[in-house]
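A.B. asks: Here are the chains, one letter per residue:
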Amino acid sequence: MDAINWYPLWLSFKTAAIATIIVFIVGVFLARMLARNTFFGKGIIEAIIMLPLVLPPTVVGFALLYLFGKNGPIGKLLLDWFDFQVVFSWWAVLIAAIVVAFPLMYQSAAAAFKNYDATLESAAYTMGAGKWRVFWTISFPLAWPGLLAGVVLTFARALGEFGATLMLAGYIPHVTDTIPLAIYFAVESGNMKMAGFWVAIIIALGFTGMLWLNWWSRRKIHGDDTKPVSSRKS
Amino acid sequence: MLKAKIKKSLSHFLLHVDFVVGDEIVVLFGPSGSGKTTILNCLAGLTKPDKGEILLNDRQLFMTKQIDIAIQHRHIGYLFQDYALFPHMTVRRNITYGTKSKNLVDQLMKELHIDHLQENYPGEISGGEKQRVALARALATEPQLLLLDEPFSALDEATKEKSHEELIRLHKLWRIPIVMVTHSHQEAEKLGDRILYMEEGHFVSRHA
Numbered sequence: 029m030d031a032i033n034w035y036p037l038w039l040s041f042k043t044a045a046i047a048t049i050i051v052f053i054v055g056v057f058l059a060r061m062l063a064r065n066t067f068f069g070k071g072i073i074e075a076i077i078m079l080p081l082v083l084p085p086t087v088v089g090f091a092l093l094y095l096f097g098k099n100g101p102i103g104k105l106l107l108d109w110f111d112f113q114v115v116f117s118w119w120a121v122l123i124a125a126i127v128v129a130f131p132l133m134y135q136s137a138a139a140a141f142k143n144y145d146a147t148l149e150s151a152a153y154t155m156g157a158g159k160w161r162v163f164w165t166i167s168f169p170l171a172w173p174g175l176l177a178g179v180v181l182t183f184a185r186a187l188g189e190f191g192a193t194l195m196l197a198g199y200i201p202h203v204t205d206t207i208p209l210a211i212y213f214a215v216e217s218g219n220m221k222m223a224g225f226w227v228a229i230i231i232a233l234g235f236t237g238m239l240w241l242n243w244w245s246r247r248k249i250h251g252d253d254t255k256p257v258s259s260r261k262s
Numbered sequence: 003m004l005k006a007k008i009k010k011s012l013s014h015f016l017l018h019v020d021f022v023v024g025d026e027i028v029v030l031f032g033p034s035g036s037g038k039t040t041i042l043n044c045l046a047g048l049t050k051p052d053k054g055e056i057l058l059n060d061r062q063l064f065m066t067k068q069i070d071i072a073i074q075h076r077h078i079g080y081l082f083q084d085y086a087l088f089p090h091m092t093v094r095r096n097i098t099y100g101t102k103s104k105n106l107v108d109q110l111m112k113e114l115h116i117d118h119l120q121e122n123y124p125g126e127i128s129g130g131e132k133q134r135v136a137l138a139r140a141l142a143t144e145p146q147l148l149l150l151d152e153p154f155s156a157l158d159e160a161t162k163e164k165s166h167e168e169l170i171r172l173h174k175l176w177r178i179p180i181v182m183v184t185h186s187h188q189e190a191e192k193l194g195d196r197i198l199y200m201e202e203g204h205f206v207s208r209h210a
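Protein sequence lines, in the order shown, are assigned to chains U and Y. The number in this note's numbering is simply the position in the first sequence, starting from 1, with 28 added. The number in this note's numbering is simply the position in the second sequence, starting from 1, with 2 added.
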């Protein structure tokens, strides 16, 4: 095998990590706002958020290409105001990863925020806590196991994004060549060894991630909250 | 002193009550779904009345379309039916959540015989202990009014008896208005200085 070009690994990780941070922050706050409130149009908003999960990545890619293309509504603005083009840049890789991974984080976070008894938040308010204190000391810690599952899924999805990335960012070595793209183009050019190498890395990462997540959620289930009365310290 | 006039339309009837509570234990007694908990929630600020006025020690907490003090500024202690202890915090952290006074927390824990449970989590203590922790937590905020929503319903008979005595004893120490919801007649008779009988959102007759 030729000398290995590690760039796809670095690019994939950088993109997935930054996408996960952005998706986490936006997803958590949006989910907290929407989870326990009902208002007119909520169903439509949630459907739009979840859409990338059910659409083929090429369709998501097409939509992004339309939005961010030179003549697209956002792309034109960016070009006119900042002389900046998203398509075929690292930003395109990042945007594709964010959009396809967002529904997973939102779904996990919304479920996590619905999962605990809302009376706990009411109790905190009656004790004089304001909204932020209630969020950071009650809502967030209680939702954390579900949020963490969302983080793992988001990271994995962002790491593995292919279709939308290819549509929006194309395959440009040392610019947009994430691992999934590197695999595809290695196979295209008949370099099966290289493709196999990246495949092995992705499988190993995914497997480790899922193992850890399973272990962690099992540990949580058997954690403090369910300890029998007899095992207490006194 | 609590003065409350509350009007709120619920799914099957109109809740319409008008009552005053001094430094006494007033029991709201009635069948499930007669609006008892809704009254507590309106007082605490968790639910908004359609119309009405709530005055606590001459402080206006609610007035139709004009005043609606946020829950966290009402200074009302609320003991929820299932206690709502924070499962991820120790007993001590639960009780200190709403206060900065370490002395008061220590005193309350001693008074309620839970000082040996400080480092335990709510999942590790018994029902009666949970109830006492929740009571200590509500009192630690030094409330001007205490709301109790079926505080004894999850306890066994022996623990119930003890908790009744404890509440009477604490009330003598604290002297604040207490509004308690129950559907046990025996409990209402035993603990209530006054009982307000409720049916479908109204008080039906008042016993001294």
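These are computed hints drawn from the structure, not numbers from a lab. Treat the hints with care, since some could be wrong.
Claimed, not checked - Using C-beta positions, here's what the derived DEER-type ranges look like:
id, chain 1, residue 1, chain 2, residue 2, range
1, Y, D70, U, F116, 52 to 62 Å
2, Y, L16, U, N99, 51 to 61 Å
3, Y, D70, U, I49, 46 to 56 Å
4, Y, M3, U, I72, 46 to 56 Å
Ideal Cβ positions, reconstructed from N, Cα and C, are used throughout, including at glycine.
A.B. asks: Decide, hint by hint, whether the structure agrees.
C.D. replies: Outcome of the hint check:
1. At about 54 Å, the CB distance of D70/Y to F116/U agrees with the hint of 52 to 62 Å.
2. The given range of 51 to 61 Å is respected by L16/Y and N99/U, whose C-beta atoms sit roughly 60 Å from each other.
3. Taking 46 to 56 Å as the suggested C-beta distance range, the pair D70/Y and I49/U does not conform, at roughly 38 Å.
4. Between M3/Y and I72/U the CB atoms are about 49 Å apart, so this pair conforms to the stated range of 46 to 56 Å.
This entry does not satisfy hint 3, going by the numbered hints stated previously; all others are met.
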